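Colleague: Sequence:
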Amino acid sequence: MSSALERLQVKIEEFTKKYEQLKIENAKLTRRLQNPSFDQKEQQDLIKKLQEELEQKDEHIDTLIAKVEELLAT
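So the sequence shown is numbered by this note's numbering: it starts at 1 and just counts up by one.
Don't read these hints as lab results, they were simulated from the structure. Some clues are possibly wrong.
[Stated by the list, open to error] Computed spacing ranges between beta-carbons, pair by pair: (1) Leu72 x Lys17: 14 to 24 Å; (2) Asn35 x Thr74: 48 to 58 Å; (3) Thr30 x Ala4: 33 to 43 Å; (4) Lys48 x Ser3: 35 to 45 Å; (5) Asp45 x Leu71: 36 to 46 Å; (6) Leu22 x Lys67: 15 to 25 Å; (7) His60 x Asp39: 22 to 32 Å.
If you're wondering where the values come from, they're calculated on a predicted model, not measured in any experiment. Don't be surprised by glycine CBs; every beta carbon is placed ideally from N, CA and C.
Can you build the whole structure from these sequences, using the hints too?
Modeller: Shown next as structure tokens:
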């Protein structure tokens, strides 16, 4: 069981790093979006894409947390 927990821990760490990278990219794009010459449609598309990516990562992290909790309960 410890190897399963270790694998889950590694996965959680990887997803946490990716999530942090997405947050940094989001901040960069937010600054870019504040540029008045930036096309509004392009802004909306980027915002929607980032929101979808963050939601997917949040769901995946929640799933991993649930699996860890399930393993710890056994």
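Colleague: Take the hints in turn and mark each one as holding or not.
Modeller: Hint check:
The hint said 14 to 24 Å for the Cβ distance between Leu72 and Lys17, and at roughly 23 Å that hint holds. Distance hint check: the CB atoms of Asn35 and Thr74 are about 52 Å apart, consistent with the given range 48 to 58 Å. For Thr30 and Ala4, the hinted distance range of 33 to 43 Å is satisfied, since their beta carbons lie about 38 Å from each other. About 39 Å separates the C-beta atoms of Lys48 and Ser3, a value consistent with the hinted range of 35 to 45 Å.
At roughly 39 Å, the beta-carbon separation of Asp45 and Leu71 lies within the given 36 to 46 Å, and the hint holds. Evaluation of the 15 to 25 Å hint for Leu22 and Lys67 yields a pass: the beta carbon distance comes to about 21 Å. Restraint check, His60 to Asp39: a C-beta distance of roughly 31 Å satisfies the suggested window 22 to 32 Å.
Every hint, counting from the list given before, is met by this structure.
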